[in-house]
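Enquirer: Sequences and hints are given; from them, build the entire structure.
The chain contents come next:
Number of protein chains: 2
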Amino acid sequence: MANQKEKLKVIPLGGLGEIGKNITIFEYKNDIIIVDCGLSFPDEEMYGIDLVIPDFTYLIKNKNRVKSVVLTHGHEDHIGALPYLLKEVNVPVYGTRLTLGLLENKLKEHGLLRSSDLRIVKPKDEVQMGGFKVEFIRTGHSIADSVALAIKCEVATVVHTGDFKIDYTPIDEQVIDLHRFAELGQEGITLLIADSTNVERPGYSVSESTVGRTFFDLFQGVDSRIIVATFASNVHRVQQVINAAVHYGRKVAVSGRSMVNVVSVASELGYLNIPEGTLIDVNDIGKYAESEIVIITTGSQGEPMSGLSRMSISEHRKIEISKGDLVIISATPIPGNEKTVAQVINQLFKLGANVVYEKLAEVHVSGHACQEELKLIHTLVKPKFFLPAHGEFRMLMQHAMLAQNLGMPKENTFVSETGAILEIDHESAKITGRIPAGQTLVDGLGVGDVGNIVLRDRKHLSQDGLIIVVVTLNKDKGGVVAGPDIISRGFVYVRESGDLIEEAKSVVKDALSKCQEKQITEWSTIKSAIRDSLRQFLYEQTKRKPMILPIIMEV
Amino acid sequence: MANQKEKLKVIPLGGLGEIGKNITIFEYKNDIIIVDCGLSFPDEEMYGIDLVIPDFTYLIKNKNRVKSVVLTHGHEDHIGALPYLLKEVNVPVYGTRLTLGLLENKLKEHGLLRSSDLRIVKPKDEVQMGGFKVEFIRTGHSIADSVALAIKCEVATVVHTGDFKIDYTPIDEQVIDLHRFAELGQEGITLLIADSTNVERPGYSVSESTVGRTFFDLFQGVDSRIIVATFASNVHRVQQVINAAVHYGRKVAVSGRSMVNVVSVASELGYLNIPEGTLIDVNDIGKYAESEIVIITTGSQGEPMSGLSRMSISEHRKIEISKGDLVIISATPIPGNEKTVAQVINQLFKLGANVVYEKLAEVHVSGHACQEELKLIHTLVKPKFFLPAHGEFRMLMQHAMLAQNLGMPKENTFVSETGAILEIDHESAKITGRIPAGQTLVDGLGVGDVGNIVLRDRKHLSQDGLIIVVVTLNKDKGGVVAGPDIISRGFVYVRESGDLIEEAKSVVKDALSKCQEKQITEWSTIKSAIRDSLRQFLYEQTKRKPMILPIIMEV
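Those protein sequences? They're chains X and A, same order as listed.
Okay, so the first sequence: first residue is 1 according to UniProt numbering, each after it adds one.
Okay, so the second sequence: first residue is 1 according to UniProt numbering, each after it adds one.
Worth flagging that the hints you see were computed from the coordinates, not collected in a lab.
Each statement offered as a hint is correct.
Copies of one chain are not kept apart here, so a pair can be met inside one copy or by any two copies together.
Straight line, CA to CA, 27 angstroms or less: simulated DSS-like cross-link-like pairs of lysine-lysine:
{"hint": "1", "residue 1": "Lys382", "residue 2": "Lys133"}
{"hint": "2", "residue 1": "Lys323", "residue 2": "Lys410"}
{"hint": "3", "residue 1": "Lys108", "residue 2": "Lys545"}
{"hint": "4", "residue 1": "Lys545", "residue 2": "Lys459"}
{"hint": "5", "residue 1": "Lys359", "residue 2": "Lys339"}
{"hint": "6", "residue 1": "Lys359", "residue 2": "Lys410"}
Expert: Now the structure itself:
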């Protein structure tokens, strides 16, 4: 009999109360397994930051207990931070073929491919990892080869949906394994962890196959080139573009680094079915008539360096938008990207393209389950406890309420947060504490070296710019030897503000004289005097508060 | 007979190819009138900018010819830049009562109220302004008292819709004057200028009155406080909150500077019907039971300093969110605001409030005409030429296509841009040139003193921060007297990067030695040497490119 006191610990290290960097820790006795290890993108306050990854402090501290990483699918918010973890905690990584195929590219970039231990699994596989047995269950999502997990240990069985939707007519004909969810429900599930992304949407998500029909409609009778932008990782979407191209006798060229990568990995592994002779090199598009060309590219989110963005400002090296080009943006802007996507569309129209986007046609469907799908999974799995995951706080709340509306007692639902330890067994569940959790900022080569102070300075500099005051003082007598000189950046354009800067110099001179009169020699006091008088003067003159940096040199 | 060669010039000075700062110039012979004078809000690349206003160069140059400003309604994107114009070009301003009432507040803040000449008009009024006769026509919109214009001169009649929707059941029972649009169509219209905001939406906009029904439903049976956030200027929406409050026996407190302003102006002028004893001071809410309170506030867009935002982070001085409060956000996030609104909702949920927002209930309707409404207006007015306005480029394109689908020849539709001169009479229309147009940035007290160089610097500083290198050189011998010192802000947190900065100093020292060896004394050359060597060193070490400012002092 299991030790009554030892329970399963479930600790989300990211993805709760936020969008992105999904990662969950499962800890039983001495063993830890990690499910997913994603990144998120910086928000607008994180000036200059490239990526955000989870805080791995707890995992690094307990690295000897970590048995494995298990991946549900190959999206960035589930695998993107893995290279950073593997550098510190090198353990076997389990995932389906496409997931690991996409991960390989990433590990190669970080120089980690040779040292990594990647283990391919298939749906229905069961793998023992220390005190855990993990079963992989086929689901559907906006990337192929995604799985849910059943995670078993002595005292509990957890179903973790990963990201999923219920698509009865998926492109690869691999329907989500509802039978297995039903069986697990019969066997008895302690805890359900489920995707909350679309919990605010009533009804059902639309099948991916509807987008294919839209492509067939849009391609029909078109004489011009067709350019389709979508998420590189959406292999099913890419397949449907190819299907429509083949149907209408067009060749397909692929553009954009990540799109080229994914198409290469996915077709190598058999996830894309591309008839011989369909794919052409993007350098060869000039050899064909416009009516014979489809170009698949990246940039559906208006990302500045992506294929479509470059085309929209005529800066793409290989593809120039010409009058009449049909451009299809097969995506919905992710919250925060609305304006950049709109800008790309406007630019493309200005270049004479005919742009079809989500407001005008059914060119995109979501990859996440809506309310009715969630109800189905809850009902099949009939867990004792529920931990909504993968969503902002309000979505977790709505998801908990959905579970309660299906009959689960409120105290069995846990609207939790990143870092909180949920201890469970068949009888009970309880938040018992917290581990260090949060975000680690990646800026260039630096991981975690940009913190709040640096970000606060960047914000301040971005708002009102900078004034530097340099003065050289005599070491012994404290008198001014050179300066004060004033240099400004991002404050006002100096040629138009000559007088203001000259007046500012007088203000500094006055402050320095006063210091000398009072025989103040303490540098920090002199600096404060300069800063205070200048701040007041500039605010009165401009209602702006630039960063003021007094620098004293001593000779 | 009119001089055959003299045509009407229609020049949009803002609002085309962008959202906001709507303003159109009408010029015939020696006379100019201006329709609307709005501002827009800075985009994310405009670091530190408060407001964006139109470029008034042309109007200032021709100030003696300007007869008047005519306002269609009181939204910021139609009146917000007027104080800046009136400072330069003080002419009579025509508008309906509420529009001018809201403008008065604004002029007061700028100290312009006494010097301004405001002239109240009513729908159906006709006013002669130089060579123009302007007629005001009632429309409907998300602010009360909005009008369209018929602008007549010897050679042309223009219908300008302003912002409008067709609401058959408006709150104030003042239905859009479709009869007048029909009559004008019969009389013969040269040019239609129309609102393109919702041209991408099929069907009809929903009546404002549906929101009132939602309020009645949501208020029913609620025991807690109710807090409704909406646009201050949406007087009809505010009226409906008050109606629901009165129905359920609740008092109404108003919070948020602009909401207090608008409620005061609108009720003074009779645009709000508030039963005696309904309004209470926000300081008195503690005197009533929670079930007796409705609070109307600002912040439906998540604006950082607004009422609801402050409540959501427990920083509101008078209102503290408590468990069970019902918060209704009666608005849709304007593109770009999605993330901040989501954050406010998440925070409110965390404080225990029950938040109802647009994804969950019909708590908002648009104030702009959708496709079927636009078709109706085009059909009634049956203009010879069409200039789509008030929209980004893609919307103007869609709107031109809508007109073409209704039978207008393509060459009669003008997808134009800010600054382009459209010359028209009954026979012909043609873009004949451009006037200076664009955006003037307002930052604090500065109007137009922040330009591209300042913004570029702010952006650079925000991305990777700043490194300042100070060195004091001997005037005669060029040798180093003090320094080099290195100061960084927004680059890396210095306590964690001590070595990096020390190494950077060595790099600078090496650069200085080399300069001295080569007997280089030109400051600019020495600065370049410092900058180049340091840039390369820091990029290799961090993959970041901070702004590098070498400063040389001479003694």
